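> Start from chain A and add chain B according to the hints.
What follows is each chain in one-letter form.
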Amino acid sequence: MRLLRFILRRLMLAVVTLLTLFTLTFFLMRAVPGDPLTRTKEIPEETRKNLEERYGLDKPLHKQYLLQMERIFIHGDFGTSFRTVGREVNDIIREQFPVSASVGLVSVLIGVLTGVALGIVAALNRNGIIDRFAMFLCVAGISVPSFLFAFIFQYCLAVYPLTVLKFNPDTWLRPAGWGEARDFVMPSITLALGIIASITRMLKSQMIEVGFSEYIKTAKAKGVSLVRLVVLHQIRNAILPIVSIIFPMLVFTMSGSLIIEAGFGIPGLGRAYMTSIQNSDYNVIMGLTVFFGGFLIIANLITDILYGVIDPRIRVG
Amino acid sequence: MFTRSALGLSRSALTTLVAYATLTLSFPAFAQQNTQADRRNNQEIFLNMGDEPPSMDPNKGVDTVSYFWLGHLFEGLMTTDKNGNIVPGTASHVAVSDSGRTYTFTIRPNAKWHDGKKVTAKDFEYAFRRLVDPVFASEYSFIAVTAQIQNAAEIIKKKKPVSELGAKAVNDSTFVVKLENPVAFFKSLMAFQAFFPVRKDVVEKTGDKFATAVDNIVGNGPFKLVSWKKESSMRMEKASTYWNASSIKLRAIEAPVMLKDVGAAFNNFRTGGLDITGLDKERLETAQRERLQVKTFADGGVFFLEMNQREGKLFANIKLRQALRIAISRREYINKVTGVPGDKPAFGLVPDYMPGASKTYRQEAALSYRDGDVAGAKKLIKEYLAETKQSKVPSFSILAGDSNNAKKESEYMQALLKNVFETEVKIDSVPFKTRLQKQRDGQFDIVSGGWGPDYLDAMTFMDLFTTTNDNNHGHYVSKAFDDLIVKAQRSGSMSERVKLFQEAERLLVVTDSAIVPIIQRGRAYLLAEGLQGVRRNQVGQDPDLRFASWNGASAKK
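Top to bottom, those sequences are chains A and B. Residue numbering for the first sequence follows the numbering used here, starting at 1 and increasing by one per position. Residue numbering for the second sequence follows the numbering used here, starting at 1 and increasing by one per position.
In short, the hints are calculated from the structure, not lab data. These numbers were taken from a predicted model, which means no experiment stands behind them. It cannot be assumed that every hint is accurate.
[Claimed, not checked] If you want a taste of the chain B side facing chain A, the calculated C-beta under 8 Å gives, among others:
no., residue
1, 102
2, 137
3, 271
4, 433
Every residue, glycine too, gets a C-beta built ideally from N, C-alpha and C.
This is chain A alone, in the form it adopts within the complex (with noise of 0.2 Å):
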């Protein structure tokens, strides 16, 4: 019971915060000099005043704003694109958000396999090879933009196996492309990196924490077998904050990567999202940052429940 009136008001409190995201962006989306219809060719004020009565922007702007929220919010309808003619913002959607949403899974799957096991590793290897080496990536991965690593993991793994070691350009993996499984590799593997980098430091700190706690020492004094401490004591107890991140990184993963996308021609909805931006497409814009805005409190909502099943203490309501 309890349980449902927090899911209750925290989604009442989403439909308000979505709201407020709709006028903000609205309004700054007019803000911002230019409109969908500037071009570098001017177009003859003829033919700009038929274009604007067809996409209703002649109409007041308090007008637009209520007719949009209304489309949106009570049709479920984000119109359509300015630029790609035809094209409904719930079609780049639907046909664009799974193509961001697979890769980022894969992405955060590996990442989150590989950090955790890294993690783990390093804290009680310390000062080992692998702890080096896992420092070294964790370096790496956050400091090293994912453009570069694109760049790097085209050459290595692609251009380079193929044109010198002649490999079949079949079955190899090709450089940039989609629409196959050997086209998830590059890419989840470039975003992956920047998952492993903070999934290991950050599980390695709190493995090392928890190592130095008092439960620790006291389940040690008691005799505890090696594994069944590290299992069920100090990884368990290290890995909560982990979990806290895992759900927005995962969300912040899904919802697409301008670079990745544009760097190995994945139409996912990151390149909708920049493409929309830089030609000021008010309906894409807008389309694009309530589904966004929608999808992460829902996250978010999610991520607060599961916290509260892991640890019994956090108890929400």
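Then chain B, alone, in the frame of chain A:
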């Protein structure tokens, strides 16, 4: 393997995604087979167009990516041959009246749409009316005014109904276009996308969804669209319905990826995943070292400085504008700043490829002057200072974009102008749309502008700087210039027009120095060995692959 994937599918959407990804990841052997050697044997071309086409509706497309596809999928009354000459297309014959104001086109009896229906004069009538329909609001409607089709301007302004357009289907095979004035390049206009035929039944059936997917695009050109994955890939194949299908050697043209990133496209090219793709100067050296075939062409664009001549603005002064024109060394600018092979200096506004009466316009109307003349420029500035009784030129700013290239260009100009004008020169570096808004509002001293041709006639550049043109950002006002342009608009004689344009161009660039032309833009691209007949155009579909084919003899590598 199948049982495993079936298991995954029965779970929630989340597990499906994971199962799909992990399962397929471990079996890359499923990858589709298509190497460059296969493409040679099958006469297929893979190319990167960089982006999704914003509009596949011929009446709406205004960008080069859309034009590339449309130019292969459709064909106008006229078309171009493999040398770029204007020849009859869907019309087999065109008769021009003595006044030069009436064009009668006869549609080929064997011209067919991709679904087998006959192309009729009605399809053209529908498309021409749709282009100027104010409710439809095509961004390209002005081209009908340029073509001087009777009543086009009034229809766009909603002063006359669409049915009054001077373009009518007399019967299924006869299409008559009436003009307000003779237009010397009218036939060449009839080869361009905005005047392609459009099927009324398809538009009415699909409504707002027209031309947004494979099954609602029906063309009449040499190729037929067979696949379109949004933001990902597109493919067209030779259309057997095309009246001149025997002249088409290619079986298919495909954009297997839509890569905005030049580096990624370069990697795909060098691993055999693409046969044509653009090249930037950063990768030029690598391409040459790897002995890839690098080609260059003029992409049609001309870049120039526009000076704000509104009252009270610094560059309202003619001497300062003239100083600017002669101070810049165009050669040095290309060598030091742009560095793209194929870039050429621009002394006039009209680029070198523009046709004239019998040769090119530039061959018939030469224009050159000494540039890089800092001493001469300083002399003019001294005169300006004496006339205005000032000791120093007031500081001014250059409005520029915020891309890396734009920054490099404006920094070069800043250093040069600081030296020449001996005053402070600032750079106002802003995002793309902000720059457009500012130049439109006249909030600048100098802005770097550019123009790409809409059609193959000098007018596409020359009418930009008439008093009322919206693209005249610097507000150049000259009655003499306007008169010359109007005369050229009304003249049906190409040789007379060349003379008028020459006079107007001299006035604009030399005498008044209202703009300072700098470069004619070139582009480099990579072309696979053995691929022949690829034509690069400044107007219309680019690249034009209708006459391309793989040369069987050199199918090695």
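> Each hint needs a verdict: does it hold in this structure or not?
Status of the hints after comparison with the structure:
no., hint, result
1, 102, "violated (26 Å)"
2, 137, "holds (4 Å)"
3, 271, "holds (4 Å)"
4, 433, "holds (3 Å)"
Of the numbered hints given earlier, the model fails hint 1 alone.
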